[in-house]
Amino acid sequence: MGFLDISHVSKAYGSVQVLHEVDISVEEGEFIVLVGPSGCGKSTLMNMIAGLEPITSGDISIRGQVMNGVHPSKRNIAMVFQSYALYPNMTVAQNMTFGLEMHGVPKAERDKLLADVAKLLQIDHLLARKPGHLSGGQRQRVAMGRALVRKPDVFLFDEPLSNLDAKLRVDMRTEIKKLHQKLGTTIVYVTHDQIEALTLSTRIAVMNKGYIQQLGTPKEIYDTPANLFVATFMGSPAMNILPATVKLRDGLAYAEISDVEGKPQLLQFSQANLASWDGKNVMLGIRPEAITDIDGADRKSKNIQRFSNLVTVTEPAGSDTFVTMTASGRDVVARMRADASVAARDRFEFAINMDKAVVFDPATEARIP
Amino acid sequence: MSVASQDTAVKTGGIAKVFIYLILILFALFYLLPLYVMLTNSLKPLSEITGGNMMSLPRDWTIEAWLSAWSTAQVGVSPTGLQPYFVNSILMVVPAVAISTVLGALNGYILTKWRFRGDTLLFGLMLFACFIPFQIVLIPMARILGLLGIAGTTQGLVLVHVVYGIGFSTLYFRNYYASFPTELVRAAMIDGAGFFRIFWRIMLPVSGPIAVVTIIWQFTNIWNDFLFGASFAGLSAMPMTVALNNLVNSSTGVREYNVHFAGAIMAALPTLLVYIVAGRFFVRGLMAGSVKG
Ligand SMILES: Nc1ncnc2c1ncn2[C@@H]1O[C@H](COP(=O)(O)OP(=O)(O)OP(=O)(O)O)[C@@H](O)[C@H]1O
Ligand SMILES: [Mg+2]
Numbered sequence: 001m002g003f004l005d006i007s008h009v010s011k012a013y014g015s016v017q018v019l020h021e022v023d024i025s026v027e028e029g030e031f032i033v034l035v036g037p038s039g040c041g042k043s044t045l046m047n048m049i050a051g052l053e054p055i056t057s058g059d060i061s062i063r064g065q066v067m068n069g070v071h072p073s074k075r076n077i078a079m080v081f082q083s084y085a086l087y088p089n090m091t092v093a094q095n096m097t098f099g100l101e102m103h104g105v106p107k108a109e110r111d112k113l114l115a116d117v118a119k120l121l122q123i124d125h126l127l128a129r130k131p132g133h134l135s136g137g138q139r140q141r142v143a144m145g146r147a148l149v150r151k152p153d154v155f156l157f158d159e160p161l162s163n164l165d166a167k168l169r170v171d172m173r174t175e176i177k178k179l180h181q182k183l184g185t186t187i188v189y190v191t192h193d194q195i196e197a198l199t200l201s202t203r204i205a206v207m208n209k210g211y212i213q214q215l216g217t218p219k220e221i222y223d224t225p226a227n228l229f230v231a232t233f234m235g236s237p238a239m240n241i242l243p244a245t246v247k248l249r250d251g252l253a254y255a256e257i258s259d260v261e262g263k264p265q266l267l268q269f270s271q272a273n274l275a276s277w278d279g280k281n282v283m284l285g286i287r288p289e290a291i292t293d294i295d296g297a298d299r300k301s302k303n304i305q306r307f308s309n310l311v312t313v314t315e316p317a318g319s320d321t322f323v324t325m326t327a328s329g330r331d332v333v334a335r336m337r338a339d340a341s342v343a344a345r346d347r348f349e350f351a352i353n354m355d356k357a358v359v360f361d362p363a364t365e366a367r368i369p
Numbered sequence: 370m371s372v373a374s375q376d377t378a379v380k381t382g383g384i385a386k387v388f389i390y391l392i393l394i395l396f397a398l399f400y401l402l403p404l405y406v407m408l409t410n411s412l413k414p415l416s417e418i419t420g421g422n423m424m425s426l427p428r429d430w431t432i433e434a435w436l437s438a439w440s441t442a443q444v445g446v447s448p449t450g451l452q453p454y455f456v457n458s459i460l461m462v463v464p465a466v467a468i469s470t471v472l473g474a475l476n477g478y479i480l481t482k483w484r485f486r487g488d489t490l491l492f493g494l495m496l497f498a499c500f501i502p503f504q505i506v507l508i509p510m511a512r513i514l515g516l517l518g519i520a521g522t523t524q525g526l527v528l529v530h531v532v533y534g535i536g537f538s539t540l541y542f543r544n545y546y547a548s549f550p551t552e553l554v555r556a557a558m559i560d561g562a563g564f565f566r567i568f569w570r571i572m573l574p575v576s577g578p579i580a581v582v583t584i585i586w587q588f589t590n591i592w593n594d595f596l597f598g599a600s601f602a603g604l605s606a607m608p609m610t611v612a613l614n615n616l617v618n619s620s621t622g623v624r625e626y627n628v629h630f631a632g633a634i635m636a637a638l639p640t641l642l643v644y645i646v647a648g649r650f651f652v653r654g655l656m657a658g659s660v661k662g
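Order-wise, the sequence lines are chains U and V. Residue 1 is where the first sequence starts when you use the numbering used here, and the numbers rise one by one after that. Residue 370 is where the second sequence starts when you use the numbering used here, and the numbers rise one by one after that.
If you are wondering where the hints come from, they were derived from the structure by calculation, not from laboratory data. Among the hints, a few may not be true.
As the list claims (entries may be wrong) - These stretches of chain U come out as covered by chain V in the derived footprint (C-beta under 8 Å, 3 or more residues):
1) 75 to 83
2) 257 to 268
Unchecked claim - Listed below are several chain U residues computed to face chain V (Cβ distance under 10 Å; list not exhaustive):
3) 47
4) 54
5) 69
6) 71
7) 72
8) 88
9) 98
10) 146
11) 158
12) 172
13) 322
14) 326
Yeah, the Cβ is synthetic: ideal placement off N, Cα and C, and Gly gets one too.
Based on the provided sequences and hints, a complete structural model is requested.
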């Protein structure tokens, strides 16, 4: 039994099922990120945790108490909205203490809590202003401050950074992470930005079409995605997915892929249990950073396979150079050192770290373990 | 909520400008003419009107006609002037406007932020109420007022106007609140505010512009109403508009045009006043619903 338990939760609007049997058990102090494409039901799940949407079936409990039907204000949660939802007619101070006032906290105590949080978030100098006179980043802080003063059991963040510009978003991301490390409060955080998910979370729930696709640590999600959706959704540039045929030679499994001219080449799998797939088609997933030049290959890897192919394009991006080739009829992106000597239209010896490659069943799209 | 001033005027040449202004001034004069006639003639002795030119300025300035219209002129059977009826109108219009505006605000709040099954249909029906001609409801309404025991009273008139006004006030507030972010209401719910607290502390403070629009609209309609007043008001509850009509039609001897003019201006003054005081919010409020700002 976790701190926040979501068990078999479904949601339907009329006949449309938007969430299917969601199960997430969150431990105290965890930072859970719900990530997925637009419309996959992240906000709906969040609103059900908050009590803003009724639960069609299943249970949500906090600290072991079932919360179904409990009013939002009685769940001891606080929420930060995408639009911040600051009350326009109230000052920053009033915004932040409104919840305390509604919960009957005496004035003296409210002022103390307000002062503490304002100091923590460095918004002391803004307390007398109205939200209309704040910048986006400041509004963001105030919205977080309003959530913090309540000292809730669970923080809910619904895409809190999506209205900020790119630079501020990165800064606030770091800030939120610091805040979590300092306070250790349980956080459920919704985003459709996979970088945010990977950097902030202790665990990620990847969602698609109302289903939890995978629940795991950022490393698990990144290195061993449960299926093709998770593999391609998480990571940027996305994981390369190539059709390949499994070939068994002397008891060892190889992936047969073709270069741009259609000439087949064999890459030895690191996976041990692919014998039953001999002669069958699979989908081979390789992250861009697992394809390099030979000098730049990961020295710790026990299985670097060479693959000779024509380079289509090179895109120097400062710290890295992105190199594109065509293999098995698909565009494949490699991420190399900035000074890798590679030029477009040359034949190049690629080094593929097969320890990092994953294999998917093309029929079920699930990863073959 | 401020409306950004936008430079949407088309640049025009000098001659065109003179021409445009000429026409505008001409129209303004045309529209102001009746007011001029009423004002000047209300300040003349009767003999100047009957004997002379309607259009000329008074030779003998006097407020005699105003005093007479207010307190001594014959209205129907009694020589009371318009004063008691003015009071009747105020007693009718203030509660009717207040109640219909408050109910409209509550309806708008519920229809947008506390959605329920069939709410759109309900709103559609309320909208429909805006288009029912007054004449259709006269007889059923008379019957209802009779059943409630408030036929002929000011309370009865207040009820009639509230019922008729709710359609419009709901329409105004619903459209205004529709663009009010629902996330704010949700935030307030999490903060622990209840139905009325959210309305009072979150919604109402930002409802100024639309409240002004509704109040002006309701005030003007209810104050100027003649049909309901003539149909449902007893002698003790008769509003200004009906009394004005009676004043003009009470033919004891000569027709005192100057008194009639003064009475007519009196009947129009409160609505004018409301426009002057709140008018600039009116346009702003009408705009606020349509233009996001
Ligand atoms: N009131 C409603 N009635 C019917 N369908 C709804 C309602 N609210 C949401 N949905 C549907 O539920 C699904 C999930 O919506 P939700 O808002 O949870 O998506 P989301 O993952 O938060 O997306 P985004 O990233 O765009 O915010 C969507 O397909 C949406 O159309
Ligand atoms: Mg959402």
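* Asked: For the hint on residue 322 (chain U), does the least C-beta distance to chain V fall short of 10 Å?
  -> Because about 39 Å separates residue 322 (chain U) from the closest Cβ in chain V, which is outside the 10 Å limit, the hint is violated.
* Asked: With 10 Å as the cut and Cβ atoms as the points, is residue 71 (chain U) at the interface with chain V?
  -> 8 Å, holds
* Asked: How about the stretch 257 to 268 of chain U: do at least three of its residues have a C-beta closer than 8 Å to a C-beta of chain V?
  -> violated (count 0)
* At a Cβ distance under 8 Å, does chain V reach at least three residues of the stretch 75 to 83 of chain U? -> Check passed, 6 qualifying residues.
* **residue 158 (chain U) as chain V interface residue, shortest Cβ-Cβ below 10 Å** => Holds: closest Cβ of chain V sits about 9 Å from residue 158 (chain U), inside 10 Å.
* Do the numbers back the hint for residue 69 (chain U), that is, is its least Cβ distance to chain V under 10 Å? -> With a closest approach of 14 Å, the residue 69 (chain U) hint is violated.
* Double-check residue 72 (chain U) for me: the hint is only fine if its C-beta lies closer than 10 Å to a C-beta in chain V. => 5 Å, holds
* Measuring from the C-beta of residue 88 (chain U) to each C-beta in chain V, is the shortest one below 10 Å? -> Holds: closest Cβ of chain V sits about 6 Å from residue 88 (chain U), inside 10 Å.
* To do: Report holds or violated for the interface hint on residue 172 (chain U), using the least CB-CB distance to chain V and a cut-off of 10 Å.
  => 19 Å, violated
* Asked: Is the hint on residue 146 (chain U) kept, meaning its closest Cβ partner in chain V is under 10 Å away?
  -> 8 Å, holds
* Asked: With 10 Å as the cut and Cβ atoms as the points, is residue 98 (chain U) at the interface with chain V?
  -> 5 Å, holds
* Let me know if the C-beta of residue 54 (chain U) comes in closer than 10 Å to any C-beta of chain V, holds or violated. => At about 13 Å, which exceeds the 10 Å cut-off, the nearest Cβ of chain V leaves the hint on residue 54 (chain U) violated.
Violation of the numbered hints given earlier is confined to hints 2, 4, 5, 12, 13 and 14; the remaining hints are satisfied by the structure.
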